[in-house]
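*Asks:* Chains as they are written, first to last, in the working numbering: chain A, 5 to 380; chain B, 4 to 337.
Because the hints were derived from the structure by calculation, they are not lab data. Certain hints may be false.
Below, simulated SDA-like cross-link-like pairs (lysine to any residue); rule was C-alpha separation at most 25 angstroms, straight line [stated by the list, open to error]:
1. Lys139/B <-> Ser127/B
2. Lys120/A <-> Trp171/B
3. Lys151/A <-> Leu97/A
4. Lys120/A <-> Val331/A
5. Lys259/A <-> Gly162/A
6. Lys259/A <-> Ser155/A
7. Lys120/A <-> Ser146/B
8. Lys139/B <-> Ser155/A
9. Lys120/A <-> Arg170/B
10. Lys151/A <-> Lys67/A
11. Lys151/A <-> Phe98/A
12. Lys151/A <-> Val163/A
13. Lys120/A <-> Ile330/A
14. Lys120/A <-> Ile165/B
15. Lys139/B <-> Val334/A
16. Lys151/A <-> Glu111/A
17. Lys139/B <-> Arg87/A
18. Lys120/A <-> Tyr169/B
19. Lys151/A <-> Ile292/A
20. Lys67/A <-> Phe258/A
21. Lys120/A <-> Ser127/B
22. Lys139/B <-> Ile88/A
23. Lys139/B <-> Thr82/A
24. Lys120/A <-> Lys139/B
25. Lys120/A <-> Met167/B
26. Lys151/A <-> Asn210/A
27. Lys120/A <-> Gly103/A
28. Lys139/B <-> Glu111/A
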Amino acid sequence: MSDPNDGPGERDHADALEAIPDRDGSTSDADGVARTDGGNVGVDSPFEVVSQVEETRLDRFRKLYDTYIRAPFLIIWTDWRARIGFTIVFTYLFMGLVGPHIIEPTEVGEAGALAKPFQNMDYPLGTDDMGRDLLSQVVFSTTEILKMVTSGALATVGVGTMVGAIAGYKGGWIDTVLSSITDIFINLPGLPTVMVLALLLPIGNNPYVVGLLLSIAAWGGLARAIRSQMLTLRGESFVEASRAMGISSRAIIFKEIVPHLMPFVVINLTNAARRVIFSAVALYYLGILPFENLNWGITLNLAYGSGAHYRPGALHWFLVPMIAIIVFSVGLILLGQSLDRVFNPRVRARHEKRSEGSEADGEDDEMTAEATVGGV
Amino acid sequence: MVNIDWRLRRLGQTAFTAWAVITLSFVIVRMMPGNPMGAMIQQLERRGMDPVRARQLVELRLSIDPTKPIPAAYVDYMVNMVQGNLGQSVYYQESVVDIIAQSLPWTLFVLSWATFISFFIGISVGALMAYWEGGKLDVGLTSWAILMGSIPFYVLAIMLLIFMSYRWGFFPTGGKRPTGIEPGLTWPFISGVIHHAALPILSMIVASGVASLGMRGNAIRVLGEDYLRVARLRGLSDVTISTQYVARNAILPMYTTLLIGIGEMFGGSIVLEQVFQYRGVGWYMLSATYQRDYPLMMGGFVVITLAVVIALLIADLTYGYLDPRARGQESESY
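In isolation and in its complexed conformation, chain A is listed as follows (with noise of 0.2 angstroms):
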């Protein structure tokens, strides 16, 4: 539903601001001794005179960048979680946008098969069967798994955003209409159902479609939370101001409400990744994608097709990726939570409810984690 009044209402909002002085000056006129508005006020008052002070473009960029970027930094900083998650969220970021450029891809027969970690620094997380190093086997993974995470992370938040804020601003008919969509989107079964398209869709080796791909059965659990924060936002009196002023309701969803709810869509982007990356393995440790390029699960893949779960000295096949996928997951989690703990106002009111008796402990709100319970 447009809202039928938009244009006039803004004209009329700027006439009336138009008008303010004329009616101002003849009022003070008119009146002498009793001055009950404050008489005239001359030129050199502090509200006739423009700022003196010369801002360029670099003091702007440097003010956006205290307020966005540099102090939530020092905030999030402060808690050990967030070291932990970033450093090893940066640590990826590094492993798969450098790391194919400093270490060699591997080859076929590059060494003995089923050679053990740390043993021969050539090779320091071993080899596997046909003799491929493991450790420039997750190297190059990062990178593909980077890729899916990316595109499949970004379509999530993006569409789940997207959908559960208009459904829950606008209400009526296309919260009807949205939701139903939604609930059919939460209905479908995960796996199956990437696993059917994947298989009939000519996805080929492209790691973005993938991502994409792993996006259709995730983004509905954000929508409909998404959908519910807007219900108790569209209440509020700045937004009931914004509709009062005319303002159009895409101009209200995503300028006016949105912002307040990006903390919630950025940890959620963290859970999404999560998610990206448990599918995708999963999708290519079944064996149902092509595949060109190593990752992650087709690394386990071919461990457990040449049995490396009963095969002596074969473990570290399966460890070398399960680690790099565990360590990674962590890593997530832990950013997810420590951006809660900054961004969320539950939990911060929830401390301050608790008045007496209770050290400020840094070891609760995990939030973030009920939503995400099982994996794939």
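Dock chain B against chain A, hints included.
*Replies:* Frame of chain A; chain B shown alone:
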């Protein structure tokens, strides 16, 4: 909107979702690029089968007549679905309904126990952690739960399989029932079944340790509420406070988590059953995917989805009894 009973509305919603899912499966089978129907006809023709005969065979298997226009084929497909005819498996040469009917109970067995036990453990451990918030137990369990939450359940499943089955031999390495024992309500058979299901259930339980963190957060939040203080001032007994006030309010949000988890668990059963070679619906669906056995694959997809839909319906309906606030609310539209 008119003020209908929320239960009726929820029921309508479920019917709509079920219809949408079946329609989606039709769209996938019949209309998507690279759709199974076309692929199957090609497969048969490549083997040198007469085109007319191939089309008949495909119709039998998929219960979609390839020669009919899409709307008519859609109506046929829906009628078949409602009658419970999901076509015939190409690989197993059996009706899809039969295969699923004999494998679904196994999947449900594992999933329901996994859900029930992890929910129970999550609630009790979470409550303990909230009670001793900040203590050693709390910090330890929290870190443990975070670590467990970062391990995908299938990774855990593979590890359990390697150690508990292959290395130490505590549990069977695969399968779903003991071999050589007559199925029946006898103790050897039942214990064998439990023995086979133990590892799949265990890997799901351990991986869902995150649930306890959710419970912990809820309980701490409730413990900080003013109404709890009032309840204490009114001199209510500790038992009343902990069961009527804390437990009820802290568990309610967990219930929602559980509901959303059902879908994930059903999806996850595919990987789980592959790891343990446990022949449930997920295993058959995966094997159908490998064999390009489209009727069985789509049948598995539809059945798993419907199972999730029904599970969520039951959960939602019972939720209304637990939380009176959930019984339908209307909001003004802007």
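*Asks:* The structure should be examined with respect to each hint, and the outcome stated for every one.
*Replies:* Outcome of the hint check:
1. Lys139/B <-> Ser127/B: 17 angstroms, holds
2. Lys120/A <-> Trp171/B: Given pair Lys120/A, Trp171/B holds - Cα atoms ~22 angstroms apart, limit 25 angstroms.
3. Lys151/A <-> Leu97/A: 11 angstroms, holds
4. Lys120/A <-> Val331/A: Holds, at about 21 angstroms.
5. Lys259/A <-> Gly162/A: 15 angstroms, holds
6. Lys259/A <-> Ser155/A: This hinted pair holds, its Cα atoms lying about 24 angstroms apart.
7. Lys120/A <-> Ser146/B: Since the Cα atoms of Lys120/A and Ser146/B sit roughly 30 angstroms apart, the hinted pair is violated (cutoff 25 angstroms).
8. Lys139/B <-> Ser155/A: 40 angstroms, violated
9. Lys120/A <-> Arg170/B: 18 angstroms, holds
10. Lys151/A <-> Lys67/A: Violated: Lys151/A and Lys67/A sit about 32 angstroms apart, past 25 angstroms.
11. Lys151/A <-> Phe98/A: 13 angstroms, holds
12. Lys151/A <-> Val163/A: 18 angstroms, holds
13. Lys120/A <-> Ile330/A: 21 angstroms, holds
14. Lys120/A <-> Ile165/B: This hinted pair holds, its Cα atoms lying about 18 angstroms apart.
15. Lys139/B <-> Val334/A: 21 angstroms, holds
16. Lys151/A <-> Glu111/A: 23 angstroms, holds
17. Lys139/B <-> Arg87/A: Cα-Cα ~22 angstroms, so holds.
18. Lys120/A <-> Tyr169/B: 20 angstroms, holds
19. Lys151/A <-> Ile292/A: 19 angstroms, holds
20. Lys67/A <-> Phe258/A: Within the cut-off at roughly 23 angstroms; holds.
21. Lys120/A <-> Ser127/B: 42 angstroms, violated
22. Lys139/B <-> Ile88/A: It holds: about 21 angstroms lies between the C-alpha atoms, which stays within 25 angstroms.
23. Lys139/B <-> Thr82/A: 22 angstroms, holds
24. Lys120/A <-> Lys139/B: Violated. Lys120/A to Lys139/B sits at ~37 angstroms, over the 25 angstroms cutoff.
25. Lys120/A <-> Met167/B: 22 angstroms, holds
26. Lys151/A <-> Asn210/A: 9 angstroms, holds
27. Lys120/A <-> Gly103/A: Holds, at about 22 angstroms.
28. Lys139/B <-> Glu111/A: With Cα atoms ~49 angstroms apart, Lys139/B and Glu111/A exceed 25 angstroms; violated.
Of the numbered hints stated above, those contradicted by the structure are hints 7, 8, 10, 21, 24, 28, listed in ascending order.
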